[in-house]
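Please build the complex by placing chain L on the supplied structure of chain C, with the hints as guidance.
Order-wise, the sequence lines are chains C and L. Note that the first sequence covers residues 0 to 214 in numbering that gives the first Met the number 0. Note that the second sequence covers residues 0 to 123 in numbering that gives the first Met the number 0.
Treat the hints with caution; some may be incorrect.
As the list claims (entries may be wrong) - Below 25 Å or equal to it, Euclidean Cα-Cα: the simulated DMTMM-like pairs (lysine to aspartate or glutamate) are:
1) K9(L) / E118(C)
2) K9(L) / D36(C)
3) K122(L) / E118(C)
4) K94(L) / E74(C)
Claimed, not checked - Label-pair ranges, simulated between beta-carbon atoms:
5) M26(L) / A19(C): 25 to 33 Å
6) S88(L) / Y8(C): 35 to 43 Å
7) V105(C) / P46(L): 33 to 41 Å
8) R16(L) / A13(C): 30 to 38 Å
9) L172(C) / M26(L): 41 to 49 Å
10) N191(C) / T102(L): 23 to 31 Å
11) R211(C) / Q54(L): 53 to 61 Å
12) R211(C) / T17(L): 40 to 48 Å
13) P46(L) / R211(C): 56 to 64 Å
14) M163(C) / P46(L): 50 to 58 Å
15) D183(C) / R107(L): 51 to 59 Å
16) D66(C) / D66(L): 29 to 37 Å
Stated by the list, open to error - Rough simulated footprint, nothing fancy, chain L against chain C, three-plus residues with beta-carbon under 8 Å:
17) 66 to 79
18) 155 to 166
If you're looking for bench data, these hints aren't it; they were derived computationally from the structure. Virtual Cβ for every residue (Gly too), placed ideally from N, Cα, C.
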Amino acid sequence: MTTRLDVPYLTYDAIAKEAADFLSAHTDPNQVPVPVDEIVDLALKIHIVPVPDLQRQIDVDGFSSPDFTTMYVDEFVYRNREYRFRFTLAHELGHFVLHREILSQVELDPSRVVASWKEFLHELDDDDHSKLEFQGYSFGGLLLVPRNTLKPIFINNLKQISPMIEKAKSHGLSMDQYEDSAIDRMAVILSNIFQASVGVLTRRIKYDGLSRYLE
Amino acid sequence: MNSHALFGEKLSELRRRTGLTLRRFCMMHGLDPGNFSKMERGRLSPPASREKLEQLASFLQLDKGSDEWHGFFDLASACRGEIPSDMMSDAELVKKLPLVFRTLRGQRVEPEQLDLLADIIKKT
Numbered sequence: 000m001t002t003r004l005d006v007p008y009l010t011y012d013a014i015a016k017e018a019a020d021f022l023s024a025h026t027d028p029n030q031v032p033v034p035v036d037e038i039v040d041l042a043l044k045i046h047i048v049p050v051p052d053l054q055r056q057i058d059v060d061g062f063s064s065p066d067f068t069t070m071y072v073d074e075f076v077y078r079n080r081e082y083r084f085r086f087t088l089a090h091e092l093g094h095f096v097l098h099r100e101i102l103s104q105v106e107l108d109p110s111r112v113v114a115s116w117k118e119f120l121h122e123l124d125d126d127d128h129s130k131l132e133f134q135g136y137s138f139g140g141l142l143l144v145p146r147n148t149l150k151p152i153f154i155n156n157l158k159q160i161s162p163m164i165e166k167a168k169s170h171g172l173s174m175d176q177y178e179d180s181a182i183d184r185m186a187v188i189l190s191n192i193f194q195a196s197v198g199v200l201t202r203r204i205k206y207d208g209l210s211r212y213l214e
Numbered sequence: 000m001n002s003h004a005l006f007g008e009k010l011s012e013l014r015r016r017t018g019l020t021l022r023r024f025c026m027m028h029g030l031d032p033g034n035f036s037k038m039e040r041g042r043l044s045p046p047a048s049r050e051k052l053e054q055l056a057s058f059l060q061l062d063k064g065s066d067e068w069h070g071f072f073d074l075a076s077a078c079r080g081e082i083p084s085d086m087m088s089d090a091e092l093v094k095k096l097p098l099v100f101r102t103l104r105g106q107r108v109e110p111e112q113l114d115l116l117a118d119i120i121k122k123t
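Okay, chain C solo, but in the shape it has when bound (with noise of 0.2 Å):
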């Protein structure tokens, strides 16, 4: 048996507008970083929960409660992970901006609560999952990372890798040859300025398309 939620296709643009709609609802849309832990407990009044091991024991970084007073999070990442941490609550944000609504419908039964999430969980469509953690994954990168600051910071700090790029393109480099390494040098000097993971800032970088302006 498969339980649908039919949970939207959102493009990544359409994801990206509701980041931005949401920041500018909660902060300064330009203030870089943008203060989650700040939205979340303060703006929002959720809690936010360190528990221990969690990490260690169901291989999950964090989840809210469906009801989103809560957001949990593993208690390491919580003290000694600060960009992991970020990225946990900014991506709980995204369930919480795009999916409260669906999963509000979703009823477990009193009688027999921890059994009938299991079997929700289990029999939750493969589709509707995936689409849930993309669209959390994809905010979560817009909300620390947002289109209208990246562009402007990536193109400024541009001359920390013109040398690199110089030095690639005067051994007859192409940009096909050398634009991973660049991207990797970017996402590393513009990490610690949206403290956000270099992962993270490979992909909105690319997703952005802002390899263009590396040429």
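Using the frame of chain C, we list chain L on its own:
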């Protein structure tokens, strides 16, 4: 609402009023965020000692002797003799079990791990 929940709600309201997130507040004052969060959610008693409670009131920037200061201590004393439940009821649990989460390696969580997760949530 029971005494612990009332105290917790006030505590989190006062902490948020300082402009500090739980994480920063606890880091700044050397407090354990797990326990502080439990207190804010009414799942842990306020400090029993007057000295520790006064220290907490000062972290929360309450003016000594003000109405708010007294109100804070009144809420804390109302918790005395009451033990907060260390286990969530099914009615509470149903609101907390996550309906969507992703493992770090992308696979679905095994049924045994889900039992473990439900236990963790009940106790957290």
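Now the hints, each set against the structure:
1. Taking the CA atoms of K9(L) and E118(C), the gap is near 38 Å; set against the 25 Å cutoff, the hint is violated.
2. A C-alpha spacing of about 20 Å is found between K9(L) and D36(C), which places the hinted pair at or below 25 Å, so the restraint holds.
3. Among the hinted pairs, K122(L) with E118(C) is consistent with the structure: their alpha-carbon atoms are about 22 Å apart, no more than 25 Å.
4. For the proposed pair K94(L) and E74(C), the alpha carbon gap of about 22 Å is at most 25 Å, so the pair holds.
5. For the pair M26(L) and A19(C), the beta carbons lie near 30 Å from each other, so the given range of 25 to 33 Å is met.
6. At about 38 Å, the CB distance of S88(L) to Y8(C) agrees with the hint of 35 to 43 Å.
7. Separation of V105(C) from P46(L) is about 39 Å and conforms to the stated range, judged on CB atoms against 33 to 41 Å.
8. Between R16(L) and A13(C) the Cβ separation comes to about 37 Å, which falls inside the hinted range of 30 to 38 Å.
9. Checked against the hint of 41 to 49 Å, the pair L172(C) and M26(L) passes, with Cβ atoms roughly 46 Å apart.
10. Against the hinted window of 23 to 31 Å, the Cβ-Cβ separation of N191(C) and T102(L) comes to about 28 Å, which satisfies the hint.
11. Distance hint check: the CB atoms of R211(C) and Q54(L) are about 57 Å apart, consistent with the given range 53 to 61 Å.
12. Between R211(C) and T17(L) the CB atoms are about 46 Å apart, so this pair conforms to the stated range of 40 to 48 Å.
13. Distance hint check for P46(L) and R211(C): the Cβ-Cβ separation is about 59 Å, which falls inside the suggested range of 56 to 64 Å.
14. At about 56 Å, the beta-carbon gap between M163(C) and P46(L) stays in the expected band of 50 to 58 Å.
15. Remark: the range hint 51 to 59 Å for D183(C) to R107(L) is contradicted by a beta-carbon distance near 32 Å.
16. In this structure the supplied range 29 to 37 Å holds for D66(C) paired with D66(L), their Cβ-Cβ distance being about 33 Å.
17. For the segment 66 to 79 of chain C, the stated coverage by chain L holds: 7 residues have a C-beta nearer than 8 Å to a C-beta of that chain, and at least 3 were required.
18. Residues of the segment 155 to 166 of chain C lying with their CB closer than 8 Å to a CB of chain L number 0, which falls below the three-residue condition for coverage.
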